[in-house]
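Each chain, letter by letter, is given below.
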Amino acid sequence: MLPDLLVAVMFIVASVVGLMSIGGLLTWVERKQAAVMSDRIGANRAYIRLPFTNIKLVWLGLFHGMADGLKMLFKEDWKPRTYDQLTYTLAPYVVFTPVLLVFAVIPFGGMLDPGQLIPALAPFFGGRTYPMQIADLDPGLLIVFAFSGLTVLGTMLAGWSSDNKFSLLGGLRAGSQMISYELVMGLTVMGLILIFGTVQLRGMVQHQSGMIWGVLPAWGIFYQPLAAVLFLTAAIAENKRIPFDLPEAEAELVSGYFTEYSGMKMGLFMFAEFVEIAIIGALFTTLFLGGYNLPYMSDAGFTLPGGHVVAMGHGVVVLTQVLVFLLKVAVLCVVQIQIRWSLPRFRYDQMLKFAWKLLLPVSLANLSVTAVLVWLQQRGTA
Amino acid sequence: MSAEPRTPLSESSSGAAVVPAAALVQLQRGTPRYDATAYRRKAYWNAPTMTWWERAYLPEILRGLSITTGIFLRNLTRWMTGKKGAITTYYPEERRVDYAPRNRGKHILTQRPDGTPQCIACNMCATVCPAKVIEIEAGFDAKDPAHPKYPVRFEIDYSRCVFCGLCIEACPEDAIRMEPDVPNLASTDRFDMWLTMDDMLTWNPRQDVAKPYPPKGGAPIARGDVSSTP
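Going line by line, the protein sequences match chains E and X. Counting from 1, one number per residue, gives the positions in the first sequence under this note's numbering. Counting from 1, one number per residue, gives the positions in the second sequence under this note's numbering.
Heads up, a few of these hints could be off.
For lysine-lysine, the following DSBU-like pairs were computed, each having C-alpha atoms within a straight-line distance of at most 30 Å [stated by the list, open to error]: (1) K165/E / K353/E; (2) K71/E / K165/E; (3) K132/X / K149/X; (4) K165/E / K56/E; (5) K357/E / K42/X; (6) K56/E / K84/X; (7) K56/E / K357/E; (8) K149/X / K56/E; (9) K42/X / K353/E; (10) K79/E / K56/E.
For the record, the hints were derived by calculation from the structure and aren't laboratory data.
I would like the entire structure built from these sequences, with the hints used as guidance.
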């Protein structure tokens, strides 16, 4: 009981701290990447001066995120005069918490055997192994959708309770947009569920550890390339980022559903967006890029074609798996930021038309073709 | 005033009496009223005319992303190989080299051949200044009867200066000019944005065509009773 609790607490702390720091880092990555791709320099002025010296640490402007956070913390918590106090205060948390909760079911590594990692602790753990994941729940994917659907509530609450026309419009837009794209997101993932035969995310990742015809890694993106594109599109729309940032379109709605928020409450909305970039990356990695898997890699090490076996210790394997997962997530974060700084914003009617008249039929067609193929394959084998 | 409602030709179902028989026949035959392929009216003046490849959306999106990614990678490699991957000038650490030759951004005080400012502290510039940014404190020099007044303090508040150049036009002694430069004013304190006389006595007469130094013709440097100003 106690070892289980210890490991669980360790995973939770590591995940929350990791997500928060990735979110904070992404604010810097976003600014810097946007600057570099538009021939600018980007944030590079904030510094930390070593005490009693004149040495200023700039570190490519990494401290700008900290400066922003501090600024938001110390800003006046301004509120509109006529607002719904309870929902107004609740909304940022309703947006932020589910984003973090989604990560609970995402596996970021294989099996962890703490006794093998630290031999001194072997009797304490008694040979038990733990999946590297906060909660290895059977309805994994369903939980992801349940929690990511909750953020709609937060945005609508924020829009309603601010007592502002722009906020209300933003909230309404957020509601209809997120519900439309949630549908597409669910339908694109259905194909994977049919292929892998499970909604448990760890099971899905384990299904992706092999190879197809000995050439391609058996990742979801090779089974369902169209679904991968659709999923990423819908996920970006779900995150309300450009080109789908209609709920907070600053040219039309000041800043949409969080116009009336200031200080750290506004910061929570912004931060939730950045954490969600990482969450989308993690989800896409888990579903389509084989999670923590590398080609030819298993829990014992690499088994290269031609019979070469590169044996690796348990610690190295665990470290490799976590690093591979983080690397894939990082690449996806960069891709999302690249998309955000390359594409222009949709018009609102175009955005909804895009969801209902293009993405939905295409994902339905993708699902039916997948279903027929899976059925044919199962009939062939049975 | 005829109050009779006009029935559209194609839309009326019960108004057969209104529709001319010839038109009806035409409609029943399904003859188009105009050749749609010959003239298709645009919805608005710059309605997009895209090919099916462009309308397929995804390829064009990928093309756009490849352009931005290419620029990103190009600039990133420039930064990582020690070159500058941006066209930004790092003010105030860097100074732009491409200021226009006619840019007049900084005041200088011209000097007499012995290095004293040519200014006679007459306050004309301070009077004409529309932004009231020039402050002059005059001193009295009994040993120089030609220029008994001289500036002890000559300061310009650059946080308010509008760079109109009226001070230069007002000066009777050609003592103040503007040069193609910018003052280094990056500061968090507006009281650091004053240029003092020391900052403005940077005139290099050797390069000045109008006032060569030493004066041409080898005339002795006039001091005392004779004015050195032509």
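Of the numbered hints stated previously, which ones are contradicted by the structure, given in increasing order? Per hint list: 4, 7, 8, 10 violated.
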